[in-house]
Amino acid sequence: MRAAARMLGQRLVKLTDDEIDERRAAAELAIQTMGITFTVYSQKKGGSIDRAWPFDIVPRIIPKSEWDRVEEGLKQRVQALNLFIDDVYHQQKIVKDGVFPKEVLAKSRNFRPQCVGVNPPFGIWAHICGSDLVRDKDGEFYVLEDNLRVPSGVSYMLENRQVMKRVFPGLFENYNILPVDDYASDLLEMLLSVAPKAARRPEVVVLTPGIYNSAYFEHAYLAQQMGAELVEGSDLFVDDKDRVFMRTIHGSERVHVIYRRIDDLFLDPEVFDPGSGLGVPGLMRAWKKGSVTLVNAPGAGVADDKVVYAYVPKMIRYYLDQDPIIPNVPTYLCMEKDDRDHVLANLDKLVVKPANESGGYGMLIGPQAGKKEHESFARKIRANPREYIGQPMLTLSTVPTLVDTHVEPRHVDLRPFILSGKTVSVTMGGLTRVALVKGSTVVNSSQGGGSKDTWIVDDNGDT
Amino acid sequence: MLSRVAENLYWMARYIERAENVARMVSVNGHLQLDLPANARTGWEPLLAITSSKATFDSLYPSPSEKNVVAFLVHDERNSGSILSNLKLARENARTMRDIMPREAWEQISGLHALAEQRSRKGELKPDRDQFLRAIVLGSQTIAGLLAGTMSHDVAYDFLRMGRSLERADMTSRIIDVRSADLLPDQGGGLRPFETIQWMSVLKSLSGYQMYRQHVDQSVRRVPVLEFLLKDKDFPRAIFHTLGEIEACLAHLPRNRGAQAVIRKLRITVSEADMEKLEQKALNRFIDGLQIMMNELHDRLMATYFHVEAAA
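In order, the protein sequences belong to chains A and B.
Position 440 of the first sequence, counting from 1, maps to 440 under the numbering used here, and the rest follow consecutively.
Position 100 of the second sequence, counting from 1, maps to 1100 under the numbering used here, and the rest follow consecutively.
Warning: the hint list may mix true and false statements.
[Unchecked claim] Label-pair ranges, simulated between beta-carbon atoms:
1. His-1307(B) x Gly-210(A): 15 to 21 angstroms
2. Lys-1126(B) x Arg-201(A): 58 to 64 angstroms
3. Thr-423(A) x His-1307(B): 38 to 44 angstroms
4. Glu-189(A) x Gln-1141(B): 36 to 42 angstroms
Since the hints were made in silico from the structure, they are not lab data.
No residue lacks a Cβ here, since even glycine has one placed at the ideal position from N, Cα and C.
Looking at chain A on its own, in the form it has when it is part of the complex (with noise of 0.2 angstroms):
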């Protein structure tokens, strides 16, 4: 066991049951007045609920000699990401080289042809990018998807230390534990990075969806941790000079950075859905012509489909000419003949995923499922095999977790965040989720997951 975790280990052992639930109850209530929840759309009565966000005060502990190699590759990661991208508005060198196929291109829901021969700031379209990782029994870490439109959770990785702190602050004193809390200036700082070159004093704004949207938290807790505006759709506009001002009690005031948290579609009634109401009409007008930067750029999300996901290793050979240093977990390709027969006949074996849909929906877990579902998901499969993919079922890992009053294991993982603008830089760690149901593999915080503060320890005169 690694030294840190043994330590840890020690002070959890030697507290009681009662003061176990002492530190619980101190968390939870920490985490009610802090206001940290979640949203669940609900059927009935037509609206959402919001819930505390679930918390298991078992911390999880990664050494820093383990972190900076995950580090690099998810630099790298990400870098051959964004070439990719803006390759694929572009040239299309990638395609025309063979080592992409055109015809995934052609069906893929998020490619956007209104981006095509846009040239975003350093040429760069995903700016956040939210990468899950896994751990194999074997130890290895893997890439199970890259997150480029709007990822979220960053936000719960910020408050989870700061209500770890809250509970725990002896266990802060003794270990090396590195600080996460730089984030927001980081983000900042790298959204400044990116405005107009025109701008001399840039206003950078956060654009949300409002408070019903599942993490209208994070949206604001961001904009505040920034200093930056958090604005509704219904507070921008755009004149015809194509430039975007907002509305304040002094008028109208220009606006040059957006981090919008709001999809594609939604952006810009003028140019997709005509019946949206959170965009602004004419916001894609101004980020052509360059009047302002959209964070993520509209059409990033070309590579947050599963299927793209499988050439990232080909795309970092392709564009950096190196060897990923994070591997792929295996994925096959319903889309291609021999992988598509190989998910057909071990249905129960492996985990099928839509292409295109987040936050675990829509996917089958084999070895859980029945019969009918595997004979339902055998149909969806032959019906569009572009649209699913096929992984094995890892055997992921497990990290000690709080069980009523004992610790048991349960499955997690492991989501950084990477930040590109002028420079690249990732989180210290991430926001680790874990299945709070007992063999459940599934941590999405709509699914009954929850989340655990995440240390990297420096382990540089560990004993």
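Assemble the complex: chain A is given as a structure, and chain B must be docked to it using the hints.
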């Protein structure tokens, strides 16, 4: 500052202030009933008049008993003016403004709402009702204190302060309007029995008893109490004082002329009123006049700062 945010701040402050006022009013009325003999008790109906909610109440409850009125005013979510409803609205508004409000203030608002919600599940309030109402008043004051002590006194703060001040002025005028009607006017000679107790309760409804004693050199009677609640320059819930607060906020804001004109009109009206001459009916008309001007002020703020037209 975003127009939408300014409006949210303004309303949030009004909701919190309103919750506090209702809590204080219910608490004081409870004490008043205990102090009056059975045949002179004013009951609970006046609270419905003060909050203009009699029609809503009648559609939901059979009679204005203590139990019913208290439930209606404290935790009935069907009453948009109940303490619980106000705190819920305040929290919803605060939630959209976490980027500009100090974190502690948000935690306090969220916590106060949680307290009211938790409490509402208990139903019957009586045994420790006062303790709960006190917690609401203190919680609301804590929020005001946190905001005053940790939030920059910038325009965001001005919108909060204006909302709070206007709500205070509104509540003070309502309490005067309804409570004075329960009482017969001064007839020069001896006091009617229990009159002092009732005017004391008017002052207490506005947390003004102690300050009245300190700053007014007269016994607790109609005219000096009215003078104090309307015209005092220093008491935070006196109408004249709240108007000064609003005027000071407006001075920091752009495009403030229209609203300032309304404030000046209000201040002149209040300071020139002669309480000796305002018999009950005239007093009611006078208060109606103030209410109309306060609404005008509110509308002016809405038009100038909150509903900004598209492009300039």
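Hints, one by one, checked against the model:
A beta carbon spacing of about 18 angstroms between His-1307(B) and Gly-210(A) agrees with the range 15 to 21 angstroms that was offered as a hint. Between Lys-1126(B) and Arg-201(A) the Cβ separation comes to about 59 angstroms, which falls inside the hinted range of 58 to 64 angstroms. In this structure the supplied range 38 to 44 angstroms holds for Thr-423(A) paired with His-1307(B), their Cβ-Cβ distance being about 43 angstroms. Checking the proposed 36 to 42 angstroms range against Glu-189(A) and Gln-1141(B) shows it holds: the Cβ atoms sit about 39 angstroms from each other.
Violated hints: none; the structure is consistent with every hint.
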